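The whole structure should be built from the sequences, with the hints applied where relevant.
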Amino acid sequence: MTPGIDFKLLRIFAAVVRHQGFARAQQELNLTTSAISTYMAQLESDVGFTVCRRGRGGFALTDKGELLLSETLRVLGEVDSFERYTQSLKGELGGTLTIGVLDTTVTDPALPMAEAIGVFSSKFPGMHLNLLIRSPYELQKGLLDNDLDIAVGFFPAKANGLVYQPLYREQQWLYCSDRHPCFQQRNLRASAVSEMSVVSRSYWSQTELSRHGFKRSVATVESMEAQLILILSGRYIGYLPEHYAQSWVEQGRLKVLLPSEFGYQSQFSLVLRRGRSRELPLQAMRELLQTGKRGSKR
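For the sequence shown, the residue numbers in the numbering used here are -2 to 295.
Don't take every hint at face value.
Claimed, not checked - Label-pair distances were calculated between CB atoms; the ranges are:
#1 183 <-> 158: 48 to 58 Å
#2 284 <-> 212: 39 to 49 Å
#3 111 <-> 232: 28 to 38 Å
#4 47 <-> 5: 16 to 26 Å
Claimed, not checked - As a list, the in silico DSS-like pairs of lysine-lysine whose alpha-carbon atoms are at most 27 Å apart:
#5 120 <-> 155
#6 5 <-> 212
#7 138 <-> 155
#8 155 <-> 212
#9 61 <-> 138
#10 61 <-> 5
Source of the hints: derived by calculation from the structure; they are not laboratory data. Note that the structure is a prediction, hence the values are computed from the model and not measured. By construction, the Cβ of each residue, glycine as well, lies at the ideal position given by its N, Cα and C atoms.
Right, dumping it as structure tokens:
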């Protein structure tokens, strides 16, 4: 990196890339597009090359801009980590802790997120908490981009640069609703179920779908609530976490299909960006979730 480069310029650069353009980055940066343009021109002057192009084709990074972005995110992450660490040494821990989780975890007894947040907020009253619901891919990307500090979820594919700490396994069953033709059927065969219209998840690969016994899906969702809606329509079958579907089962609206053939468990993990495990707030939240997990009943 060029000696003497202004970290403010790097933060503006990262924000512009995050929002894919000058205009979209205005609100976060609280700057006009002309001011952003001036700062970006200064950055390009400092580094000695063009980092991005704008035009009718939209916003795009140059090849060197891509490399600069990667290094920028790494450096800014280390600077933020250092600032948080020095604050903790002074006993003046503040700032923001951004946590990312999958949807429907509020009904999961194995993940005491609400309890952990309550204890954490009492221990660190000066910290602002930001809780986001994201897909597995978005959680990992958020950690790598330093938009998230900690994440909890199921991750079919692991990402380099992240550390995964197993927490527990979540039970998943295949469900149909009381409006589906097979709800009243007995002696269902696995081969027949495999031919039914099934809902897939956007982060499932074809290999993942095949592992569960299906050749293809006829609908795709990004959230469990969307999956539940499609299943309740009576036109589809699909997977749901046991804890999330339980109340609908008790109401007689959902039924598990062939649990021994189609049931499976998802490994939930707590994930951090590599190199951040020493930070006091992350250590505290990790310990709260791990301790609460050990005390929960499955």
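Hint check results:
1. 183 <-> 158: 48 to 58 Å: Holds - the Cβ-Cβ distance for residue 183 and residue 158, about 50 Å, lies within 48 to 58 Å.
2. 284 <-> 212: 39 to 49 Å: Cβ of residue 284 to Cβ of residue 212: about 44 Å, so the range 39 to 49 Å holds.
3. 111 <-> 232: 28 to 38 Å: Because 34 Å falls inside the window, the suggested range holds.
4. 47 <-> 5: 16 to 26 Å: holds, 20 Å
5. 120 <-> 155: With Cα atoms ~32 Å apart, residue 120 and residue 155 exceed 27 Å; violated.
6. 5 <-> 212: Between residue 5 and residue 212 the Cα gap is close to 51 Å, so the pair fails against 27 Å, i.e. violated.
7. 138 <-> 155: holds, 11 Å
8. 155 <-> 212: holds, 24 Å
9. 61 <-> 138: holds, 21 Å
10. 61 <-> 5: holds, 19 Å
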